[in-house]
Amino acid sequence: MGEVMVDLRGIHKSFGSTEVLRGVDLEVHAGEVVVVLGPSGSGKSTLLRTINHLEKVDRGYVSIDGELVGYRRSGDKLYELREREILKQRTHIGFVFQNFNLFPHLTVLENVVEAPVSAQRRPVAEARADARALLSRVGLADREDAYPRHLSGGQQQRVAIARALALRPKVLLFDEPTSALDPELVGEVLDVIKDLARSGTTMVVVTHEVGFAREVADTVVFLDGGVVVEQGPPSQVLEDPQHPRTRAFLSKVL
Amino acid sequence: MSVSAQPRLRAPDDDLSKLKVVPARHPWRWVGVIVVLVLVAQFVNGLITNPGWDWPTFAQYFTAQSILRAVGVTLELTLYGTAIGFLLGIVLALMRLSRSRFLSGVAWTYIWAFRSIPLIVQLLFWFNIAYLYQELEVGIPFGPSFFGFETKDLISPMGAAVLGLGLHQAAYAAEIVRSGIISVDHGQLEAAAALGLPKGRQFRRIILPQAMRSILPNAANEVISLFKGTSIVSVVAIGELFYQVQVVYGRNARVVALLMVATIWYIVLTTLLSIVQFYVEKHYAKGATRDKGGWKWAR
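Chains as they are written, first to last, in my numbering: chain A, 2 to 255; chain R, 681 to 979.
Simulated from the structure, these hints should not be mistaken for laboratory data. Hints may be right or wrong, so weigh each one.
As the list claims (entries may be wrong) - Listed below are the simulated DSBU-like cross-link pairs for lysine-lysine, each with C-alpha atoms no more than 30 Å apart in a straight line:
1. A:Lys89 to A:Lys78
2. A:Lys171 to A:Lys57
3. A:Lys78 to A:Lys195
4. A:Lys89 to A:Lys195
5. R:Lys908 to A:Lys78
6. R:Lys908 to R:Lys962
7. A:Lys57 to R:Lys698
8. A:Lys171 to A:Lys195
9. A:Lys171 to A:Lys253
10. R:Lys962 to R:Lys879
11. A:Lys89 to R:Lys962
12. A:Lys171 to R:Lys879
Note that the structure is predicted; figures quoted are calculated from it, not measured.
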């Protein structure tokens, strides 16, 4: 397995008096697919959102490819980065939302081209060519002029994946990418994610699709009550769970 | 049971699709139409036959040089008032939405103050500003000054009017812009942030175009109401449309005809503004609806 790409250490996060994450450690290696499972309210989405600093952690730190996210270390002090620098760091981290969050007033192509051009200052022609290649990779080459509202949910999510990929991120984060989809559209999105997994993309996927986890994950992480209860290869965590809470969860969803 | 013996709806092999359909009658609709038509006919008849409207005088002044110049002044006031109002309004809206308590407090206070002071009072204040501050100086705060102006040279009556209208308008524009911004789904901002788009780009490219959808109808209302509201500037003797009309009927006593001159100009120009609004809204409706072509007036 490659070197450590994402490193979470002792992550704590509270919303008001509710402690959502209570000391989470997680390592994701280059090329690894980590699937995070857990009951709703277990802190899965919050954990994912701390990775690209959409949520600021209260304690602990996140680093991507050896670089601290949101802070700069100098001697024995951590300096909070300015927003502009955080935005720059985020271009290395692709994020796919549960509700797609495509920009409804931009066409499919404009959605994909926007960040490479305005955040990475890539030439427009190059970004467009890239975007077209990505759109055909997710099977939407013929829809580049459509507006998001003219697409099905599954198609929108595939555009959102292409949009995240367009930044050529070091790691791709998926926040329940199929939860907002009609059941018959789940497959087409999972197929795209599987294809990415096979091509060696480093990914962290929060999902409820246990079947997907079994098929694609290198590591399954079971999160409950804000801590990692159990983790390991799917054959171990899913087939032979050691912790009673993992067993209880799996018996409910399987 | 006492159900009246209606004929059976149909014999088993009766084909209803061959029968003629008789539409339901609506006699009261027709009564309503006739009443309204009579009232409209009376009004139109009055417009034509009542000599009090004095159409020849109307025609004489409608395109008179002095009136046209006044229409120009009215448009100028509207243009500057709108420009200052919305530019400052955007800044105030962003300040109110800022995470800095101080900035949002300042914006709140501004809006509170300028919404509390009647426009006419404010205009008179600006018009008389030279009584309060005879000179304006540019220099180091509380320190020496480099150069100065006579306030009455810097702020002409027209300047005072534009300033008053613009600052007043900014308070309302700020709230309209803010309402537009907070109406945009929070996920849009998150997506823009997650993609690392620069802050200014997030606002201009992602948030503002979507906010425009709800800003525009309200903003158009404000522009139109400012356009007519410029008539209030007549209190500081600026030659805009309403002031000019008053001057003329003060001379020739043809009050109704000249009020009609002003009225028709206000109507014509408001109509033009409404047409502009239609096209601007259409531009910002891109991708907003599921059907691609049809865009109707009544939407």
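Right, here's what the structure says about each hint:
Restraint check for A:Lys89 and A:Lys78: the C-alpha separation of about 22 Å stays at or below 30 Å, so the hint holds. Taken as a hint, the A:Lys171 and A:Lys57 pair is honoured in the structure, with Cα atoms around 20 Å apart against an allowance of 30 Å. At roughly 41 Å between alpha-carbon atoms, A:Lys78 and A:Lys195 are farther apart than 30 Å, so this suggested pair is violated. With a C-alpha separation of about 28 Å, the suggested pairing of A:Lys89 with A:Lys195 holds against the 30 Å cut-off.
The straight-line distance between the Cα atoms of R:Lys908 and A:Lys78 is roughly 60 Å, outside the 30 Å bound, and the hint therefore fails. Only pairs whose Cα atoms come within 30 Å are accepted, and R:Lys908 paired with R:Lys962 is accepted, the gap being roughly 25 Å. Restraint check: the Cα-Cα separation between A:Lys57 and R:Lys698 comes to about 72 Å, which exceeds 30 Å; the hinted pair is violated. The straight-line distance between the Cα atoms of A:Lys171 and A:Lys195 is roughly 17 Å, inside the 30 Å bound, and the hint therefore holds.
A threshold of 30 Å between alpha carbons decides the hint, and for A:Lys171 with A:Lys253 the separation of about 34 Å lies outside it, so the pair is violated. Pair hint R:Lys962 plus R:Lys879 holds up; C-alpha atoms about 27 Å apart against a cutoff of 30 Å. At most 30 Å may separate the alpha-carbon atoms for a hinted pair to count; A:Lys89 and R:Lys962 exceed this at roughly 35 Å. Between A:Lys171 and R:Lys879 the CA atoms are separated by roughly 22 Å; this keeps the pair inside 30 Å, and the hint holds.
Against the hints set out earlier in the document, violations occur for numbers 3, 5, 7, 9 and 11.
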